[in-house]
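K.L.:
The chain contents come next:
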Amino acid sequence: MSGPNTSYDPVEVAALAPEAVDQAVADALAAIEAADSLDALKAARLAHAGERSPLALANREIGALPPSAKAEAGKRVGQARGRVNAALTARQAELEAERDERILVEEAMDLTAVPARRPLGRRHVLTVTAERMADAMVGMGWEIAEGPGVEAEWFNFDALNFDKDHPARQMQDTFFVDPADAGLVLRTHTSPVQARSLLERGVPLYVAVPGKTFRTDELDATHTPVFHQLEGLAVDEGLTMAHLKGTLDRLAEAMFGPGIVSRLRPAYFPFTEPSAEMDFRCFVCRGEDTGCRTCGGTGWIEWGGCGMVNHNVLRACGVDPERYQASPSGWAWSGPRCSATASPTCGS
Amino acid sequence: MRVPVDWLGEYVELPQDVTGEQIAAALVSVGLEEEGLHTSGVGGPLVVGRVLEKHPEPQKNGRTINWCQVDVADANGTGEPQGIVCGAHNFEVGDLVAVILPGGVLPTLQGPMTISARKTYGHVSAGMICSVRELGIGDDHEGIIVLPRLLGHEQVEQLGLTPGDDLVGVLGLDREVVEVNVTPDRGYCFSIRGIAREYSHATGAAYRDPADLPVDPATGDGYAVELRDEHRPHGEVPGCDRYVARVVRGLDLTRQTPEWMARRLTEAGMRPIGLAVDVTNYVMLALGQPLHAFDLATLDSPIVVRRARAGERLRTLDDVDRELDPEDLLITCGPDGERILALAGVMGGEDGEVTPGTTTDVLIESAHFDPRTVARTSRRHRLSSEAAKRFERGVDPAVAAAAAQLAVDLLVEHGGGTADPAITDRDERPTTGMAPIRMEVDLPTRYVGVDYPAARVVELLEAIGCDVRAEGEGMLTVVPPTWRPDLTDAPTLVEEVARIDGYDKIPSVVPRATGGRGLTHAQRSRRAVAAALAGSGLQEVLTYPFVGESRFEELALPADDPRRAALRLANPLSDEAPLMRTELLQTLPESLRRNVSRGSRDVALFEIDTVTLPDHAAKAPVPGVGARPDEETLATIRAAVPAQPWHVALMAAGQADRAGWWGSGRHVDVTDVAAWAHAVADTLGVPVRRRPADRAPFHPGRCVELTLADGTTVGWAGELHPKVVQRLGLPDRTAAAELDLEVLLRASDHRTQARPLSTHPTAASDVALVVPLSTRYGDVEESLRAGAGDLLEAIELFDVYVGDQVGPDQQSLAFRMHFRAPDRTLTTEEVNTARDAAVARATQDHGAAQR
Ligand SMILES: [Zn+2]
Chain F
1 MSGPNTSYDP VEVAALAPEA VDQAVADALA AIEAADSLDA LKAARLAHAG
51 ERSPLALANR EIGALPPSAK AEAGKRVGQA RGRVNAALTA RQAELEAERD
101 ERILVEEAMD LTAVPARRPL GRRHVLTVTA ERMADAMVGM GWEIAEGPGV
151 EAEWFNFDAL NFDKDHPARQ MQDTFFVDPA DAGLVLRTHT SPVQARSLLE
201 RGVPLYVAVP GKTFRTDELD ATHTPVFHQL EGLAVDEGLT MAHLKGTLDR
251 LAEAMFGPGI VSRLRPAYFP FTEPSAEMDF RCFVCRGEDT GCRTCGGTGW
301 IEWGGCGMVN HNVLRACGVD PERYQASPSG WAWSGPRCSA TASPTCGS
Chain V
1 MRVPVDWLGE YVELPQDVTG EQIAAALVSV GLEEEGLHTS GVGGPLVVGR
51 VLEKHPEPQK NGRTINWCQV DVADANGTGE PQGIVCGAHN FEVGDLVAVI
101 LPGGVLPTLQ GPMTISARKT YGHVSAGMIC SVRELGIGDD HEGIIVLPRL
151 LGHEQVEQLG LTPGDDLVGV LGLDREVVEV NVTPDRGYCF SIRGIAREYS
201 HATGAAYRDP ADLPVDPATG DGYAVELRDE HRPHGEVPGC DRYVARVVRG
251 LDLTRQTPEW MARRLTEAGM RPIGLAVDVT NYVMLALGQP LHAFDLATLD
301 SPIVVRRARA GERLRTLDDV DRELDPEDLL ITCGPDGERI LALAGVMGGE
351 DGEVTPGTTT DVLIESAHFD PRTVARTSRR HRLSSEAAKR FERGVDPAVA
401 AAAAQLAVDL LVEHGGGTAD PAITDRDERP TTGMAPIRME VDLPTRYVGV
451 DYPAARVVEL LEAIGCDVRA EGEGMLTVVP PTWRPDLTDA PTLVEEVARI
501 DGYDKIPSVV PRATGGRGLT HAQRSRRAVA AALAGSGLQE VLTYPFVGES
551 RFEELALPAD DPRRAALRLA NPLSDEAPLM RTELLQTLPE SLRRNVSRGS
601 RDVALFEIDT VTLPDHAAKA PVPGVGARPD EETLATIRAA VPAQPWHVAL
651 MAAGQADRAG WWGSGRHVDV TDVAAWAHAV ADTLGVPVRR RPADRAPFHP
701 GRCVELTLAD GTTVGWAGEL HPKVVQRLGL PDRTAAAELD LEVLLRASDH
751 RTQARPLSTH PTAASDVALV VPLSTRYGDV EESLRAGAGD LLEAIELFDV
801 YVGDQVGPDQ QSLAFRMHFR APDRTLTTEE VNTARDAAVA RATQDHGAAQ
851 R
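In order, the protein sequence lines correspond to chains F and V.
The numbering of the first sequence is the working numbering, which starts it at 1 and goes up by one.
The numbering of the second sequence is the working numbering, which starts it at 1 and goes up by one.
Source of the hints: derived by calculation from the structure; they are not laboratory data.
Among the hints, a few may not be true.
With a straight-line cut-off of 25 Å between C-alpha atoms, the simulated DSS-like cross-links for lysine-lysine are [to be verified]:
1) K389(V) with K164(F)
2) K212(F) with K619(V)
3) K164(F) with K619(V)
4) K164(F) with K212(F)
5) K119(V) with K60(V)
6) K54(V) with K119(V)
Predicted, not measured: the structure shown is a model, and the values here were computed from it.
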């Protein structure tokens with residue numbers, strides 16, 4: 001770069017003349033003003049504020065001036081470059097803003113159509129429903145127990161007080177494992193898990209059991225050999241049928257919303273005594289439409305059986321109902337049998 | 001059980017105008033289930049009409065219709081004759097006919113049809129002249145009803161039928177039959193007597209016991225009956241503890257079953273056959289006591305009740321020749337009981353049977369059989385009957401004599417017979433009462449959560465027929481009525497108290513559970529896997545677990561493949577699918593095919609469920625009810641249940657990315673499925689390795705086995721073998737995977753986080769390695785992992801190059817390795833050292849050269 005040059009006559013440095021500096025500024029401002037794009041501005045910046053620009057060149061000459069003239073010349077050139085830079089910055093901002101706005105306009109897309117690029121995945125309504133029920137039970141402090149689908153006959157029937165000759169055992173339409181004396185069946189209900197839980201976990205006990213169950217029903221519009229069921233078992237001191245009803249009401253509300261209550265009707269099941277059939281208020285018509293197709297106009301949807309655990313079940317599971325005459329008592333219920341094909345009680 | 005309302009009304013007071021619906025609701029409230037309500041389906045106005053004019057009008061279609069004027073008096077509101085078009089010709093001017101007027105309803109196959117005035121054949125026909133078929137009271141559709149012909153002149157006169165009179169009641173079209181479901185514990189409700197009693201419990205209506213009738217006392221000289229049940233297979237309980245035999249002689253063979261009885265039998269679902277048999281059925285329906293009528297003339301004295309002997313056979317009335325079992329209880333006759341008449345309480349044989357039109361002298365059997373004996377015989381011979389249904393649920397042993405008496409009375413009255421004064425009643429019951437039950441009087445309150453005062457408990461139990469005695473100190477002794485063999489212990493009495501007081505009085509109280517541990521690791525993990533797969537675009541499906549051997553062929557499982565040794569059902573729904581699947585991939589193809597056939601070409605499915613492992617031969621003991629088996633037995637039972645691990649399987653075909661206005665598409669391929677399978681393991685935080693595999697049903701060159709670090713198999717992913725695809729009718733290039741979730745769950749440590757989170761940045765380093773074409777990516781990656789050490793966080797293959805810049809039979813693999821330390825930012829030297837160690841290991845293992 002240029003250093004002090006004593007042989008040089010500073011007066012003759014034309015570039016530093018006020019007129020020359022003013023002219024350079026005027027040229028620069030005009031070019032900046034005329035720049036209509038960021039590229040044009042870039043060219044203007046190079047021409048009027050770059051290393052080879054008149055003002056940059058003039059600035060270089062200042063070092064050659066005698067000290068007395070340096071200050072004034074420096075100030076003049078400095079102010080001039082300041083004005084040019086300010087103009088550049090301002091124009092840059094303007095042009096960038098214009099460009100940004102234009103890009104947003106240019107990039108606009110029509111998103112009123114959703115691309116079906118990927119097939120959608122989804123969970124099965126039955127498993128999601130089972131999970132929601134399980135969550136409601138867990139929320140009440142219960143645990144979720146599971147058991148095998150191919151089950152010992154003893155767990156499926158005898159442990160639950162289904163005597164070998166009892167008509168109820170014959171009414172279950174059971175799949176038997178070959179050979180027929182293998183002592184194995186496809187469980188006809190989730191109830192064997194009650195017996196397993198009592199034997200394995202002891203009391204007090206609060207378990208809900210979701211799972212597949214099997215009956216030898218040919219598949220048609222209203223029958224299916226495979227059902228999904230949820231059932232519960234509570235064994236604790238001082239439990240009554242009122243607690244059973246309370247739990248069912250809470251579950252119904254969790255599944256279907258406020259106002260969906262349960263109803264108990266007398267019934268018979270070998271593993272409970274007293275026994276009840278439980279219905280939930282129809283979540284579609286809420287009992288206000290005699291033409292409702294979901295509930296058949298009855299206002300209620302059947303959910304299954306429930307009741308106080310039969311003494312024979314407690315005995316089979318090592319709980320002595322005589323010794324614990326008052327406690328623990330327990331109750332159980334088994335929920336809706338939902339088919340994999342369709343069933344109004346399992347939907348929403 | 002079908003309950004004709006008018007029959008019910010004979011035994012319990014029904015309110016005026018009570019509807020079948022109200023009766024059903026009352027019965028439901030005490031525990032009977034409504035099964036249906038049967039009505040004629042005919043709604044009025046249906047009235048008597050007199051034909052005033054009948055003008056035949058031939059039509060173009062060849063038919064002739066009659067344009068009639070019919071007098072229906074004021075039934076049409078005007079008193080003017082009603083103009084009606086009628087297509088039938090079997091009537092004359094002046095005949096009394098049945099006319100349904102506009103507004104009336106007729107049952108049709110398509111549902112109820114409301115009658116309205118309509119234009120037809122150039123007239124406005126304001127109603128219809130009905131046939132028996134249209135009213136659902138007969139099959140004859142040859143013509144319309146002419147009332148004197150249908151009802152008889154006497155009855156028309158007796159009723160004084162004139163035009164405008166209502167016919168709904170006259171023709172019995174207002175009759176209703178309530179059908180209820182009877183639970184297995186309430187055998188007594190298989191009778192109008194029992195249903196009437198329950199209706200009385202539900203409503204408080206006055207009950208009249210139809211068994212409460214004058215019964216002729218037994219005499220010593222009745223027909224000889226011997227109860228010879230020597231070996232009693234079910235403990236000390238005799239197969240028959242009471243046998244009443246009554247004889248009626250000289251039945252008039254011209255007498256028919258009275259119309260009212262035939263109608264009640266029909267309404268209750270039984271077919272009238274002939275008077276003697278109809279009477280026994282009628283009494284069974286009325287009182288719940290099954291009766292059997294024998295043709296007296298064909299019997300050899302005595303009647304012997306005994307068990308079957310080895311080798312004996314019986315052809316039962318359903319025309320099946322049966323080999324008898326020594327446990328079967330038989331009704332026989334002859335000195336040695338050599339002639340077999342019936343399977344006791346189940347079904348008769350041809351020998352001794354009443355023949356309608358021939359039999360004039362009958363012997364009526366009214367007996368009480370052991371429920372277990374009848375149940376076993378019924379089950380053993382797969383032979384159900386109205387009698388067996390009642391005996392196996394328990395019949396009131398006290399009603400036998402009254403039932404026989406009612407049958408005799410009906411045969412005398414309607415059959416013109418004469419009752420023998422000699423009457424047999426072999427009553428060998430040890431006691432005539434039921435076993436008393438002790439119950440704390442506050443037990444119902446403690447069980448049900450409703451406050452039942454002591455007096456209320458006694459009142460309710462007495463209402464159902466119990467004999468209740470207070471013993472002091474809050475104890476009751478309760479003797480149930482003879483028709484309630486189901487009342488055996490205190491909880492059964494609690495149910496009666498709650499039931500008769502009303503289940504609707506039970507309040508709703510949420511219990512305070514002890515506080516659980518939430519979902520288990522396995523449950524949470526299955527949800528996470530399902531969510532991950534659904535989030536990746538797969539649909540969850542549920543399939544039935546039944547398969548057949550042909551599926552193993554279709555999947556090309558080798559002959560000795562252990563997956564073929566599936567658990568077999570003894571009574572499968574279909575002989576085509578008698579086995580329990582050993583892999584989910586055995587049942588997923590149907591689901592995929594169904595989706596495709598319904599028009600969705602791009603299908604990616606997954607199923608999470610259990611499979612049943614094969615190689616299972618152990619038998620599970622069945623030690624019976626009411627007692628905890630010993631530990632050894634329990635362990636044997638548990639061990640005999642086959643292992644049923646949870647699996648997850650995937651199957652996909654069609655487009656992974658669809659083509660459309662947004663761009664081009666991409667066919668789903670084996671790499672998608674392999675990635676999804678890998679994602680399952682990633683979701684559970686389990687590192688898995690991949691190695692090439694050749695396993696059915698996959699393409700031998702496009703299958704990968706996923707394993708844990710220790711080599712334990714997790715599962716396989718791959719493209720299905722082209723032959724398998726073809727045999728199963730799946731879309732080309734269908735790809736699938738199946739993983740054992742149990743293996744993954746055991747490997748996933750759920751209690752602690754596998755690796756502390758580092759907040760320091762990762763450093764990436766790329767290496768390109770030249771290896772022989774035959775070298776597997778996965779093997780090179782394994783070597784790099786092993787060489788890089790703990791600082792390596794992730795590694796990915798991002799480019800594969802084959803071409804001029806590497807030698808022939810060589811490939812260049814470009815890996816990006818991500819390094820990170822938990823506690824510091826790595827220096828360049830540390831990263832380079834780790835990378836160099838990785839490359840050195842790859843070089844050592846595979847002769848890899850860095851490019
Ligand atoms: Zn509804």
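K.L.:
With reference to the structure, classify each hint as holding or not holding.
P.N.:
Against the structure, the hints:
no., hint, result
1, K389(V) with K164(F), "16 Å, holds"
2, K212(F) with K619(V), "23 Å, holds"
3, K164(F) with K619(V), "17 Å, holds"
4, K164(F) with K212(F), "23 Å, holds"
5, K119(V) with K60(V), "17 Å, holds"
6, K54(V) with K119(V), "18 Å, holds"
Against the hints set out earlier in the document, no violation occurs for any number.
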